[in-house]
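Visitor: Note that the numbering used here has the sequence shown beginning at 1, numbered continuously upward.
Since the hints were made in silico from the structure, they are not lab data. Even for Gly, the Cβ is constructed at its ideal location relative to N, Cα and C. A couple of the hints might just be wrong.
[As the list claims (entries may be wrong)] Okay, the calculated beta carbon distance ranges per label pair:
(1) ARG407 - VAL119: 36 to 44 Å
(2) MET1 - ALA340: 24 to 32 Å
(3) PHE475 - VAL119: 20 to 28 Å
(4) GLY435 - LYS258: 51 to 59 Å
(5) GLY409 - ASP466: 48 to 56 Å
(6) PRO116 - ARG193: 30 to 38 Å
(7) LEU254 - GLN196: 33 to 41 Å
(8) ALA340 - GLN196: 50 to 58 Å
(9) PRO201 - SER163: 23 to 31 Å
(10) HIS236 - SER163: 39 to 47 Å
(11) LEU296 - VAL119: 16 to 24 Å
(12) ARG207 - ARG123: 15 to 23 Å
(13) ASN159 - GLU248: 55 to 63 Å
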Amino acid sequence: MLWACVLLPQLALDGVMRRRADPERPLALISGSAQRRVLQTVNPAARELGLRPGQSLTAAHAMTREFDTVDYDPDETERWQRLLAAWAYRFSSHVSLKYPRVLLMEVESSFGLFGPWPVFEARLRQELTGLGFSHRIVAAPNPLAARMLANAHDGLAVNDHDSLQQVLDQMPVNRIGLPQEVASALARMGLHRVRQVQALPRDTLARRFPATVLQHLDTLFGRRPMALECYVPPDHFDTRIELNFDVESHQALLFPLKRMIADLALFLAGRDSGVQRFVIHLEHVPSVGSVAPDTLIPVGLLSAEREANMLFELARGRLEQVEVPSPVRALRLQARDLPAFVPSHRELFDDRPQQSMPWEQLRERLRARLGDDAVGGLGFQADHRPECAWSPVSPGKPAKITHNVPRPGWLLREPETLVESGVRVLAGPERIESGWWDGGDVRRDYFLVETRNGQRGWAYRKVGDDSGLVLHGWFA
């Protein structure tokens, strides 16, 4: 087996920066008590101002105030790790979150789908970079070795145990995950490299150090299996963004909303599902003496989808129809209806124009823009009378015509007398006699006609009536 370790060295900072509209602005994550706030980590722009991790916030403000601060949230960092685990689950069914800021993936079983390791690794790096997360990636025959090698390497791939032995022998003792007191004791003994520790008799190590030290070394070299709890994607999605300032317009909510939708699409792709309904919560600024209730914006689809751009357009259409009653302080997105995703059938050689939109996406976009009741479908009924041959139904796939005779695509609400002169009869008559059972008996002869402008219509004359034609519909 081959395991990949994806180390995310600045996961908390990357998670905050990817949700900011201006990622180039200096930013510092702060932690510590209220009496002494400390810079936990800083972005490159803040480093250029002279700010450093571990610096007190008071000292940083003495140097400059041209930087933003965000409280470091360990729970939020863990949520980012779980989101990336959902992303990794798309590539491997064995993903572990044993270590903080680390994804462990068994990758050899996936080579048949994603190609050999160099190709696979390049894809992982490309997608992580696109998601906005810095990373280091190492591959090794066992998960513990991959994790420890990532402390000192990036891009290293060790495929067999002999090569692993050589690489681990060169590792510093304090970089292989031993307890600090054990690493310090080995250093005082003059043992600074793993090969020096490996050269000692096992019984000597067993007498001087706890049994866990030998167990750790055996696991590191693959002589002892490592038990890992594998990640299982949850059955729902729930994310929240607290805004930097109170927002009163729809436009300012679009950027964080787009990020949330992108994370939802990432989650759905990892668990190979779609979303049929999700709810956007607008959390408002509490008024004096009371808490303002959230504004709920439900987004429902007729079929499961997971394409990020489409979901964002639908959510934006719903959001723009809502009047924001008070300033918004946070956004929350919840999705619990996550059915299996079945891609729509496409032809190998699709003859649709490049800029055209599939019917399903167009239908959902119209519903989001115009409202659910403004978009409907047509269902055919077993009745020969044109005004009774169809009925409105909920929008779905376009209905299939079950007869071979031509029918107009636009049926007039009420038939009108055809007064235009020069009308040519192209086909007919087609007699329709029906409706005797419900009191709506009709007896008509229908004709396909063409006006002087070349427009084709469908007109009829009542049986036994020699008066003019009555227009009932137009052909496209």
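Visitor: For each hint, tell me whether it holds in the structure or not.
Guide: Structure-based check of all given hints:
1. ARG407 - VAL119: 36 to 44 Å: Distance hint for ARG407, VAL119 is violated at roughly 54 Å.
2. MET1 - ALA340: 24 to 32 Å: holds, 29 Å
3. PHE475 - VAL119: 20 to 28 Å: violated, 54 Å
4. GLY435 - LYS258: 51 to 59 Å: holds, 54 Å
5. GLY409 - ASP466: 48 to 56 Å: Since GLY409 and ASP466 have Cβ atoms about 29 Å apart, the given range 48 to 56 Å is violated.
6. PRO116 - ARG193: 30 to 38 Å: Check passed, 32 Å falls within 30 to 38 Å.
7. LEU254 - GLN196: 33 to 41 Å: Roughly 59 Å apart at Cβ, these two residues miss the hinted range, so it is violated.
8. ALA340 - GLN196: 50 to 58 Å: holds, 55 Å
9. PRO201 - SER163: 23 to 31 Å: holds, 25 Å
10. HIS236 - SER163: 39 to 47 Å: holds, 43 Å
11. LEU296 - VAL119: 16 to 24 Å: violated, 45 Å
12. ARG207 - ARG123: 15 to 23 Å: violated, 48 Å
13. ASN159 - GLU248: 55 to 63 Å: Check passed, 57 Å falls within 55 to 63 Å.
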